[in-house]
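A.B. asks: Going by full-length UniProt numbering, the final residue of the sequence shown carries number 557, and the count climbs one at a time with no gaps.
Mixed in with the good hints there might be a few duds.
[Claimed, not checked] Quick list of simulated restraints, FRET-style, between CB atoms:
#1 Ala414 - Ala36: 37 to 43 Å
#2 Asp129 - Ala528: 45 to 51 Å
#3 Glu432 - Arg268: 49 to 55 Å
#4 Ala36 - Asp456: 56 to 62 Å
#5 Gly57 - Asp411: 17 to 23 Å
#6 Gly114 - Ala414: 31 to 37 Å
FYI, nobody ran anything at the bench for these hints, they're computed from the structure.
Glycine is no exception: its CB is placed at the ideal position from the N, C-alpha and C atoms.
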Amino acid sequence: MSAEKLDALFGNPRDADNPVGYAAVLAADERHEMLAEGERLLDAYGMNAEFVPAAYGGRLVRADRLAEVQRELWRRDPSLGLGYGFSSLLGSVNIWSAGTHEQRTKAAEILLRGGRIAAAFHELDHGNDFAHAECAASPSDDGWLLTGRKEIVTNLRRAEAMVVFARTSEAAGSRSHSQFFVTRAELPADRVLDLPRFPSSGMNGVQLGGLRFTDCPIPGDAMLGRPGQGIENALRSYQLSRVVLPAVIVGPLDTALRLALECVHERRLYGGFAADLPYVRTALARVLADLLAIDAFSGVGLRALHLAPEATLLYAPAVKYLTSRILLDAFEDLRAVMGAQGYLREGSYAMFQKLVRDAAPATFAHISRSACLVLILPQLPRLARKSWLADPAAAQQLFDLGADLPPLDFDRLAVGMLSSDGLIGVLAEAAEREPAGSPIGRFAVRFRDEVLALRDQCAALAPSDLTIGASPEAYAVADRYTVLIAAAAALAVWRSDDRQQEAALLGILDRLSGRLGGAPVLTPDERASAEQALFDIAVERFQDGRLFDLSARHVSG
1 MSAEKLDALF
11 GNPRDADNPV
21 GYAAVLAADE
31 RHEMLAEGER
41 LLDAYGMNAE
51 FVPAAYGGRL
61 VRADRLAEVQ
71 RELWRRDPSL
81 GLGYGFSSLL
91 GSVNIWSAGT
101 HEQRTKAAEI
111 LLRGGRIAAA
121 FHELDHGNDF
131 AHAECAASPS
141 DDGWLLTGRK
151 EIVTNLRRAE
161 AMVVFARTSE
171 AAGSRSHSQF
181 FVTRAELPAD
191 RVLDLPRFPS
201 SGMNGVQLGG
211 LRFTDCPIPG
221 DAMLGRPGQG
231 IENALRSYQL
241 SRVVLPAVIV
251 GPLDTALRLA
261 LECVHERRLY
271 GGFAADLPYV
281 RTALARVLAD
291 LLAIDAFSGV
301 GLRALHLAPE
311 ATLLYAPAVK
321 YLTSRILLDA
331 FEDLRAVMGA
341 QGYLREGSYA
351 MFQKLVRDAA
361 PATFAHISRS
371 ACLVLILPQL
381 PRLARKSWLA
391 DPAAAQQLFD
401 LGADLPPLDF
411 DRLAVGMLSS
421 DGLIGVLAEA
431 AEREPAGSPI
441 GRFAVRFRDE
451 VLALRDQCAA
461 LAPSDLTIGA
471 SPEAYAVADR
481 YTVLIAAAAA
491 LAVWRSDDRQ
501 QEAALLGILD
511 RLSGRLGGAP
521 VLTPDERASA
531 EQALFDIAVE
541 RFQDGRLFDL
551 SARHVSG
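Assemble the whole structure, with the sequences as input and the hints as a guide.
C.D. replies: In C-alpha cells, the structure reads:
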C-alpha cells in the first residue's frame with residue numbers, strides 16, 4: 001500500500017458524486033460526524049496496519065512512509081485523519097516503545113482487526129502538565145485500582161483499548177506516574193462512566209470523550225514498563241508523533257493553497273483577476289515557501305528517528321513547535337487572500353474554512369508549543385558550550401529525503417542529554433562553503449552569526465530558565481534555536497536534491513530569517529525575483545495537478 005494507492009481510492013475530491021469528495025466531507029462536518037464512507041474506505045485500505053510495526057504484522061517500517069500516507073489522508077480530511085486512526089498511533093506508540101512482547105502482540109491484534117487504541121492522558125485541570133495529573137492507580141491484591149477522570153480524549157468511547165496515564169506515587173517529581181494498557185472489556189461497566197462528548201470548534205467529526213473511573217480494577221500486567229516510568233515512556237514514544245504530525249499537516253496546507261490558487265484565478269477584481277495583484281502573488285509565494293520549509297524540516301526529523309534517534313529528544317519538539325507556528329501563520333496569509341470566500345461554509349471554496357478550523361487543534365495535539373520549548377531549553381547551554389560551531393555537520397544521509405533507511409527501532413529512542421548538534425554544524429559549514437556575497441552565502445553567514453549570539457545568550461541562562469518557570473527571554477532563546485536548525489535542514493536538503501530550485505530555497509531562508517528580526521538579507525530585487533519564481537512554481541504545479549511539497553507527486557485532485 002502507498003500514498004499513491006490511497007489517492008486513487010479517494011478519487012477526485014471535486015466530483016460531486018464522489019462519496020468521499022469535498023461535498024461529502026463538508027456534509028459530515030456540518031453534522032459533526034465522521035465521514036462513514038471514508039472510514040469504510042480506510043478499512044478496505046487497512047490503514048491501521050500503518051501504525052503497527054512490521055515485526056507484529058503491520059506496515060510500519062519507515063517513519064517517512066507513515067507520514068506520506070497520512071499526509072495523503074489529511075489533505076482530504078484532517079478530521080478523518082485524526083478520528084479514524086492517528087489517535088491510535090498516539091496511543092499505540094507507547095506500547096511499541098515500552099510494552100512487553102505480549103502487550104505489543106495484543107495491541108497489534110486489536111489494530112489489525114480494525115480496532116482503536118485511545119491515548120487517555122489529558123485532564124482538563126492539568127492539560128500538558130502530566131507531572132500533576134490526578135487520575136491515580138493504587139495497588140490491589142491482584143492488580144490496580146484506578147480512580148479519577150480523563151477528558152478530551154480522541155475516540156475514547158469508540159476505542160477497544162486505551163493507554164491510561166495515572167499517578168502511582170504521591171511523591172513529587174517525574175517518577176510519580178505510570179502508563180497502563182487496558183482493553184475496555186477488562187474494565188467493569190459499573191466502575192467506568194463515559195462523560196458527555198466535548199464539542200469543539202474544529203475537527204467536528206472527531207469524538208472527544210472522557211471517562212470517570214471509580215475504584216476500577218485493572219489487571220496487574222497492564223503496566224507499560226516499570227512503576228514511575230510514565231513520563232519517561234511518553235518522552236521517548238512521542239518523539240515519533242512530534243515529527244510525524246508536522247509532516248502530515250503539510251497535507252491540509254497543500255489543499256488550502258490549491259483552493260486559494262483556484263480562487264484567485266477565478267475571482268475578478270479591479271478589472272482583472274485577483275491573481276494579477278502583486279500582494280496576492282507575494283502572499284501565495286510566501287505560503288509555498290512556508291510549506292516547503294515545513295516539509296524539509298519535518299523530513300529531516302523523520303530521518304533522524306532512524307539515523308540519529310539519540311538526537312530526536314531535542315529535534316522532535318523543535319520540529320513540532322516551529323512548524324505549528326509556520327502553519328498557522330500560513331493559513332492566516334491564505335485567509336487574507338481568500339477574503340470572504342475563506343469563511344463561507346457553502347460554495348466552491350467551502351473546504352477552506354474547514355481546513356482552517358481543523359488545522360488549529362492539530363498543531364497542539366498532545367503537547368502545546370510552550371511545552372515543546374520546555375523540552376528544548378535544558379539541552380541548549382551544554383550544546384552551546386561544547387558543540388556549536390565546533391562539531392561537524394550531521395552526515396549527508398540525514399538530509400537525502402527518500403533515500404534508504406534502516407527499520408525504525410523504538411528501543412533506540414532515548415531520554416537524556418545530547419553531546420553534539422549536527423544541524424548547527426550545517427550552518428558553520430555552509431558559512432565556509434557557500435560563495436561569499438552570494439544570496440545563499442549571505443544567509444549562511446547571517447545564521448552562523450546568529451548562532452554565535454545565541455551561544456552567548458545560552459551561557460547567560462539561569463538554572464530557573466531551564467524549567468517550566470523559565471523567563472520570557474529564555475523561551476525566546478529556544479524559539480530562535482528552532483528557526484536556526486530549520487534553516488540548516490533546508491540548506492542541507494537542497495544541497496542533497498538538485499531537482500529543487502534555488503529560488504525556492506531563497507524564499508524559505510528569507511521567511512525563516514524574518515522570524516529572527518533584523519535587516520533583510522536579500523535586496524528588494526532579489527526578494528521579488530525569488531517570490532516571482534515561487535509563485536510560478538505554485539501555478540505550474542496547480543495546473544499540472546501535482547503536490548506543492550518536495551515530492552511534487554501527481555495527484556487526482
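A.B. asks: The structure should be examined with respect to each hint, and the outcome stated for every one.
C.D. replies: Hints versus structure:
Range check, Ala414 to Ala36: about 42 Å between beta-carbon atoms, so the 37 to 43 Å window is met. Checked against the hint of 45 to 51 Å, the pair Asp129 and Ala528 passes, with Cβ atoms roughly 47 Å apart. Our hint of 49 to 55 Å for Glu432 and Arg268 holds, since their Cβ atoms are close to 51 Å apart. Under the hint 56 to 62 Å, the C-beta atoms of Ala36 and Asp456, about 57 Å apart, fit the expected range.
Checked against the hint of 17 to 23 Å, the C-beta distance between Gly57 and Asp411 comes to roughly 19 Å, which is consistent with it. Between Gly114 and Ala414 the beta carbon distance is about 33 Å. The supplied range of 31 to 37 Å therefore holds.
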